[in-house]
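Model the full structure from these sequences, guided by the hints.
Spelled out, the chains give:
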Amino acid sequence: MLAQQARGFSFDFSVVTNNLDLYWAGVRLTLFIAVTSFVLATLLGVLIALMRLSRNRLVGAVAAAYINLFRAIPLLVFILFVYYGVRIAFGLTFFTALRAGIFAFTVQYSAWLGEIFRAGIQAVPGGQREAALSVGMGRARTFFTIVMPQAVRISIPPTGNMLIGMVKDSSLVYILGVNELLRTTNLLANRTFRYFETYLATVGIYLVLTTAIYYLVKYLERRFAISDVLSQATRRYSPFARNRYQRLRTLQEAVGGGSSIAP
Amino acid sequence: MAVEAERGMTDMGSRHEPSTSGAGVVEAVRLRSIQKYFGSNHVLQGVGLCVRRGEHVVVFGPSGSGKSTLLRTINLLEEPQSGSVVVEGREYGPGVPGEPKQRRGDRRELRKQVGMVFQQFNLFPHLSVLDNVTIALRRVKGMKRGEAELRAARQLDRVGLLSKIGSYPAMLSGGQQQRVAIARSLVMDPKVMLFDEPTSALDPELVGEVLAVMRSLAETGMTMVVVTHEMGFGREIGDQNVFMDAGVIVEQGGREIYTDCREERTRSFIRAVL
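Here the protein sequences line up with chains A and B, keeping their order. For the first sequence, the positions run 3 to 265 when the numbering used here is used. For the second sequence, the positions run 93 to 366 when the numbering used here is used.
Everything labelled a hint here was simulated from the structure, so no lab data went into it. Ideal Cβ placement from N, Cα and C applies to all residues, glycine included. One or more of the hints may lead you astray.
Stated by the list, open to error - Only some residues are given here: those of chain B computed to face chain A with a beta carbon under 8 Å:
id : residue
1  : ARG200
2  : ARG203
3  : GLN212
4  : LEU254
5  : ILE257
6  : MET280
Right, dumping it as structure tokens:
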């Protein structure tokens with residue numbers, strides 16, 4: 003049997019189909035790591051971006067140093083450093099393998115995301131701020147109601163790329179013995195010697211996951227796009243748009259026209 | 093046009109008529125000894141200006157003369173290094189050197205009384221036309237949605253864009269966008285309207301519709317300060333006409349300035365432009 007396999011002629015995918023429960027557990031943990039890290043990194047990244055743009059020079063410099071430092075360290079090196087280095091040197095029992103991994107991902111991804119968000123905020127034209135200030139909005143209100151929504155729309159595509167990267171990078175914690183998708187595959191392969199079949203299934207699963215994220219991002223982009231409910235067909239199939247259409251029509255009728263100072 | 097009807101009808105008419113008190117005509121805006129530097133560039137060199145209620149001030153001059161900066165100082169989008177801005181009797185800004193320090197007004201209070209229209213329109217692209225006009229009513233004045241929308245729709249009707257309330261800025265022509273921008277400012281009931289080259293970014297064809305809206309606004313007695321290169325329009329509405337060059341006011345006067353000015357610099361500029 004071994005000899006036959008070594009020549010590579012007979013593939014047996016029953017090793018995959020018989021162990022779908024293992025794969026499923028691996029996928030769940032992979033998604034848990036990726037989503038948790040990404041949510042935390044996004045929150046931290048927003049903070050880093052705001053600090054980076056702060057008018058306080060010191061705060062800006064701290065954020066810049068943070069970004070510079072954590073983008074410089076290879077992710078795998080950082081994961082090993084947190085788990086074997088920091089945890090043992092300082093006796094931080096809080097850092098289980100899983101938590102150490104999530105911590106490392108959060109810190110590194112917040113540095114990357116911080117730069118994306120900073121660029122997104124800076125890409126909003128200065129005239130937007132001026133217009134908001136000129137109608138009496140304060141600095142915070144201007145940021146949250148005018149600048150941020152536009153920055154979010156600009157940041158969606160690059161942030162989507164980061165999420166795809168996060169799902170893939172989450173496989174690195176297999177080295178700490180976390181039973182996510184890659185380590186599950188690794189154990190299964192070592193036990194059955196069916197390396198090709200088991201890894202092929204894993205490749206396929208990552209492909210499915212990243213494709214799903216791609217479509218999610220596309221959906222979000224479309225969701226944040228704009229459309230005129232008074233002139234467009236969207237109102238026909240969206241109950242939300244239909245309500246809005248009604249409201250605007252009612253408003254137009256209430257005002258009625260006729261007191262125009264326009265040409 | 094329906095000017096008479098409008099005067100009676102609204103919110104803007106009588107309140108902005110030039111009113112006189114015992115001392116004479118009341119000031120809407122006064123700039124006092126404004127000094128403004130961008131780095132080592134001295135863009136405003138001790139400029140003073142007085143705008144009476146209901147008056148239409150036209151500021152013209154070559155690029156880089158400081159006219160836009162002067163306008164932006166009125167609502168403190170540009171903070172001068174020294175000098176003060178007085179709006180409706182209240183003083184804002186860093187103050188005139190040598191005068192005793194006094195309590196100064198909050199910039200946001202100032203901006204609530206002063207509307208501004210920009211060269212690049214600066215409409216909020218993520219908000220519909222209606223939301224562009226209601227957002228300040230709701231977020232700054234704390235007005236309920238229904239009332240804010242009704243007011244906004246009325247204002248948009250005045251600039252002829254009631255049919256566009258559901259559109260987004262990117263779907264409108266430049267002229268329409270600028271009219272929405274005017275409505276966005278007017279809906280806040282400002283005491284003074286500032287216009288910073290409002291037609292300079294427009295196709296020549298679309299300039300007319302914006303000027304028409306501004307003309308009717310002027311006829312309602314709104315206090316206006318307009319920076320413009322449209323000298324014909326300036327001559328038509330300008331009660332006070334200010335020629336600036338190199339950070340100072342070279343000359344100011346009534347309509348006669350366009351035909352009979354005192355300064356040679358003014359004459360050469362007007363001759364080149366008209």
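Going through the hints against the structure:
1. A distance limit of 8 Å between C-beta atoms decides the matter here; for ARG200/B the minimum to chain A is near 5 Å, and the interface restraint holds.
2. Because the closest C-beta pair between ARG203/B and chain A is about 5 Å apart, less than 8 Å, the hint holds.
3. Evaluation of the GLN212/B hint against chain A yields a held restraint, the C-beta minimum of about 5 Å falling below 8 Å.
4. At its closest, the beta carbon of LEU254/B sits 6 Å from a beta carbon of chain A; the interface hint therefore holds under the 8 Å criterion.
5. Interface restraint check for ILE257/B: the shortest CB-CB distance to chain A comes to about 6 Å, inside 8 Å, so the restraint holds.
6. For MET280/B, the shortest C-beta to C-beta distance to chain A is roughly 6 Å, which falls under 8 Å, so the interface hint holds.
Against the hints set out earlier in the document, no violation occurs for any number.
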